[in-house]
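K.L.:
Start from chain A and add chain B with the ligands according to the hints.
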Amino acid sequence: MYKIIEKKVLSENVKQMTIQAPLVAGKAQPGQFIILRIDEKGERIPLTIADFDRKSGTITIIFLEVGKTTQQLGTLNVGDVIENFVGPLGMPSEVKKYGTVVCIGGGVGIAPLYPVVKALREAGNYVISILGAKTQNLLILEKEIQLYSNEFYITTDDGSKGQKGFVSDVLKQVIDKKGTINMVMAIGPIIMMKVVSDVTRKYNIKTLVSLNPIMIDGTGMCGGCRVSVDGKTKFACVDGPEFDGLKVDYDNLMLRNRRFVHEEGAACKLVGVVQ
Amino acid sequence: MSVRKTKYEMPEQDPKERIHNFKEVPYGYSKETAIEEAKRCLQCKNKPCMKGCPVEIDIPGFISCIASGDFEKAAEVIKAKNNLPAVSGRVCPYESQCEGECTIKKIGEPVGIGRLERFIADYERVKGAKIPQKVTSSEKKVAVVGAGPAGLTCAGDLAKMGHTVTVFEALHGPGGVLMYGIPEFRLPKKIVNAEVDYIKKLGVDIRYDMVIGKTITVEELFKEYDAVFVGTGAGLPNWLNIPGENLDGVYSANEFLTRINLMRAYEFPTYDTPIKMGKIVATFGAGNVAMDCARTALRLGAEKSYILYRRTEAEMPARIEEIHHAKQEGVEFKLLTNPLRFIGDVQGHLVEVEYQKMQLGEPDDSGRRRPVPIPGSEEKIHIDTALIAIGQSPNPLIPKSMKGLTLGKHGNIVTDDDGKTSIPGLFAGGDIATGAATVILAMGAGKRAARTIDAYVKAKK
Ligand SMILES: Cc1cc2nc3c(=O)[nH]c(=O)nc-3n(C[C@H](O)[C@H](O)[C@H](O)COP(=O)(O)OP(=O)(O)OC[C@H]3O[C@@H](n4cnc5c(N)ncnc54)[C@H](O)[C@@H]3O)c2cc1C
Ligand SMILES: Cc1cc2nc3c(=O)[nH]c(=O)nc-3n(C[C@H](O)[C@H](O)[C@H](O)COP(=O)(O)OP(=O)(O)OC[C@H]3O[C@@H](n4cnc5c(N)ncnc54)[C@H](O)[C@@H]3O)c2cc1C
Ligand code: SF4
Ligand code: SF4
Ligand code: FES
Numbered sequence: 646m647y648k649i650i651e652k653k654v655l656s657e658n659v660k661q662m663t664i665q666a667p668l669v670a671g672k673a674q675p676g677q678f679i680i681l682r683i684d685e686k687g688e689r690i691p692l693t694i695a696d697f698d699r700k701s702g703t704i705t706i707i708f709l710e711v712g713k714t715t716q717q718l719g720t721l722n723v724g725d726v727i728e729n730f731v732g733p734l735g736m737p738s739e740v741k742k743y744g745t746v747v748c749i750g751g752g753v754g755i756a757p758l759y760p761v762v763k764a765l766r767e768a769g770n771y772v773i774s775i776l777g778a779k780t781q782n783l784l785i786l787e788k789e790i791q792l793y794s795n796e797f798y799i800t801t802d803d804g805s806k807g808q809k810g811f812v813s814d815v816l817k818q819v820i821d822k823k824g825t826i827n828m829v830m831a832i833g834p835i836i837m838m839k840v841v842s843d844v845t846r847k848y849n850i851k852t853l854v855s856l857n858p859i860m861i862d863g864t865g866m867c868g869g870c871r872v873s874v875d876g877k878t879k880f881a882c883v884d885g886p887e888f889d890g891l892k893v894d895y896d897n898l899m900l901r902n903r904r905f906v907h908e909e910g911a912a913c914k915l916v917g918v919v920q
Numbered sequence: 072m073s074v075r076k077t078k079y080e081m082p083e084q085d086p087k088e089r090i091h092n093f094k095e096v097p098y099g100y101s102k103e104t105a106i107e108e109a110k111r112c113l114q115c116k117n118k119p120c121m122k123g124c125p126v127e128i129d130i131p132g133f134i135s136c137i138a139s140g141d142f143e144k145a146a147e148v149i150k151a152k153n154n155l156p157a158v159s160g161r162v163c164p165y166e167s168q169c170e171g172e173c174t175i176k177k178i179g180e181p182v183g184i185g186r187l188e189r190f191i192a193d194y195e196r197v198k199g200a201k202i203p204q205k206v207t208s209s210e211k212k213v214a215v216v217g218a219g220p221a222g223l224t225c226a227g228d229l230a231k232m233g234h235t236v237t238v239f240e241a242l243h244g245p246g247g248v249l250m251y252g253i254p255e256f257r258l259p260k261k262i263v264n265a266e267v268d269y270i271k272k273l274g275v276d277i278r279y280d281m282v283i284g285k286t287i288t289v290e291e292l293f294k295e296y297d298a299v300f301v302g303t304g305a306g307l308p309n310w311l312n313i314p315g316e317n318l319d320g321v322y323s324a325n326e327f328l329t330r331i332n333l334m335r336a337y338e339f340p341t342y343d344t345p346i347k348m349g350k351i352v353a354t355f356g357a358g359n360v361a362m363d364c365a366r367t368a369l370r371l372g373a374e375k376s377y378i379l380y381r382r383t384e385a386e387m388p389a390r391i392e393e394i395h396h397a398k399q400e401g402v403e404f405k406l407l408t409n410p411l412r413f414i415g416d417v418q419g420h421l422v423e424v425e426y427q428k429m430q431l432g433e434p435d436d437s438g439r440r441r442p443v444p445i446p447g448s449e450e451k452i453h454i455d456t457a458l459i460a461i462g463q464s465p466n467p468l469i470p471k472s473m474k475g476l477t478l479g480k481h482g483n484i485v486t487d488d489d490g491k492t493s494i495p496g497l498f499a500g501g502d503i504a505t506g507a508a509t510v511i512l513a514m515g516a517g518k519r520a521a522r523t524i525d526a527y528v529k530a531k532k
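Protein chains in written order, with the working numbering: chain A, 646 to 920; chain B, 72 to 532.
Fair warning: there could be bad hints in the mix.
[Unchecked claim] Listed next, the in silico DSBU-like pairs over lysine-lysine satisfying Cα-Cα at most 30 Å (straight line):
#	chain 1	residue 1	chain 2	residue 2
1	A	Lys741	B	Lys398
2	B	Lys471	A	Lys700
3	B	Lys87	B	Lys398
Since the hints were made in silico from the structure, they are not lab data.
This is chain A alone, in the form it adopts within the complex (with noise of 0.2 Å):
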């Protein structure tokens, strides 16, 4: 069992916790994630460490409410507990010095963007921020990853806060201002990765993406989580889940990542959300 500690909410329908796992905290590092399961009943899912804390032995997950699982993990409170809690899982990101790096994140995606970005930071990179949201309200972690980053930029789909527009227009003019870019990493939704890619590949620029395939165990047992990258199969739980983005088949991940739409929409219909 796995107590939650602290909760926050971040916006509309994203929060955060902070869970009692003192051995997954110890191992912990950017990049990686782990897979719960809330009860006897539930489904594994897998979430970004949003952040770690190896003292107080705790882990932060930050979560967009999409479906059933998510909501009713929303519902929960400060001193509840979770059944499973396993991690961290995944490969950690790459750190290094790269040189100068241009950090994207979209939507609940710039929950998992923040420990890189700070990792980066912290590596000696000149690291330039874009996040993007559908609106201002959506925005989270702002402060935070500003506070990482030489450079910081926002956009709204809808302009009610930054640029108007998708983070690849700005990712467009950092570069052609800026000239050498080292490298690009992205996190958000896969048609967000899939544009930041069309973007940098262009011009040649290494890129990271962090893939979010539907998965169960997270050991590299099933099989569900596989995507395809440079024509191979890949298990995004244990090779990855960051891959080189000008590689991989988004298409396809968005194919697989709807295998369970008409299923999904039953368990929250059951459960009186709206999907």
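P.N.:
Coordinates of chain B with the ligands only, in the frame set by chain A:
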């Protein structure tokens, strides 16, 4: 007196009914039938059947107890060697193990050793299993990684020898393949749970959510434990490596079975994990895993459930009983076929498989005749779900995270017959050492390793 040449039948659920439920297929022997079957045993002095049992059960010993009606004593004889008899009595490939060596095979069907073992295990479980008296603690601590049959057997035996044993399991429950792979209708989960409870009552502590190599490393375990046993199984699914394998509708057997068994997707939405099943399902492969997939598909409402296999029935690796049950239930076998590619519709949903007809040629390394393609024999059939059940490789998590560990060419941990690896104090057994094999071989390996570990920790000062 002449011996009856055939085994007494074990009653089972009508195939027409059972394809609509997940209840167990065979019902097991009644007391009377068990006694009659036990009386078929000749009590051979040289006990040939025992040579076929990896966990060394005194087979004529427990059978003679049944024949005389002393079921409790029979249970004691079995439990002296086997911690999981209700499991092995159900899924052990006894035809090629103990029963394969039975003297009566010369004149007819062997004694139904597996069925009798199952009968006794069930009898004892209903009555409540006796827990052997604790021996004095050795003050030695052993870590066991993986709660599959290899790990559980090793842990149970070490506890009986007086050692303090902790099992570390990556998933949220025990059993390994017994829980996530083998379906409810073949091995009810409450039976696995009852046997795991017995192991816990022996004093074994099982800790879940522990991915060794990630949450804790083996090196860290050595700081706290005198020895480590690795029984992490062969969890890594193999692929056909043909075009279209990532289409929507193509599952590995492991994903399909894990969703249904461990996560109980067949009770969705009471349980949260979904499964999406089509109407026309093709399973690739012909081992136990494939039979489980094809039969599970029927129970989830498939109108057609095919098995596509490159060779013929004679080469199928599945237990005879599984093939028999699959046929009874209406699984359709397309033999001597080799898939070439999966074809999707414009949205990427699986709609067809193209395959080629094969014929048997010269024998290969394994002695089985090698299938060779017949040119120009390509055909397509409409399917909407494909289940890939062509085997699993050893789980790479621990092998990859350890320096100095000798690995075999399939990524398996190399051990000697007693479970020793290239690292002192590190032992391994089961599918992680042999590659995907059987429950009873995993249990046998766990048992031999327990003896080796016992000697090792006692010699350590
Ligand atoms: C490595 C990784 C890290 C992630 N990190 C975060 C994070 O930090 N914050 C966050 O909000 N989300 C994160 N996600 C996505 C998160 O796991 C899903 O939103 C969640 O599983 C949805 O479950 P649900 O029952 O609420 O919704 P559902 O209604 O079940 O599903 C909504 C959508 O979520 C996806 N999904 C469903 N089940 C799973 C599953 N078992 N595993 C993965 N995806 C699934 C599917 O695309 C689905 O269409 C991450 C995913 C991965 C793989
Ligand atoms: C569907 C199916 C049907 C089968 N049917 C039969 C049958 O009828 N008869 C038969 O004899 N055999 C059958 N088999 C084969 C048999 O189940 C296996 O040979 C046997 O389970 C192997 O036992 P094991 O203990 O070595 O490994 P497993 O049963 O695979 O258990 C390994 C355990 O280790 C855990 N683990 C893995 N990595 C880690 C880690 N890093 N840290 C912690 N824990 C970890 C896993 O989660 C798992 O619980 C079947 C297999 C399958 C898949
Ligand atoms: S465990 Fe298997 S081999 Fe041993 S007696 Fe039982 S059925 Fe036979
Ligand atoms: S070989 Fe057969 S008949 Fe002989 S003791 Fe064993 S089970 Fe009985
Ligand atoms: S989640 Fe099962 S293999 Fe990755």
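K.L.:
All the hints need checking, so say for each whether the structure fits it.
P.N.:
Consistency of the hints with the structure:
Only pairs whose Cα atoms come within 30 Å are accepted, and lysine 741 of chain A paired with lysine 398 of chain B is rejected, the gap being roughly 58 Å. Between lysine 471 of chain B and lysine 700 of chain A the alpha-carbon distance is near 29 Å, which keeps this suggested pair within the 30 Å criterion. The suggested pairing of lysine 87 of chain B with lysine 398 of chain B holds, with an alpha-carbon distance near 12 Å, which does not exceed 30 Å.
This entry does not satisfy hint 1, going by the numbered hints stated previously; all others are met.
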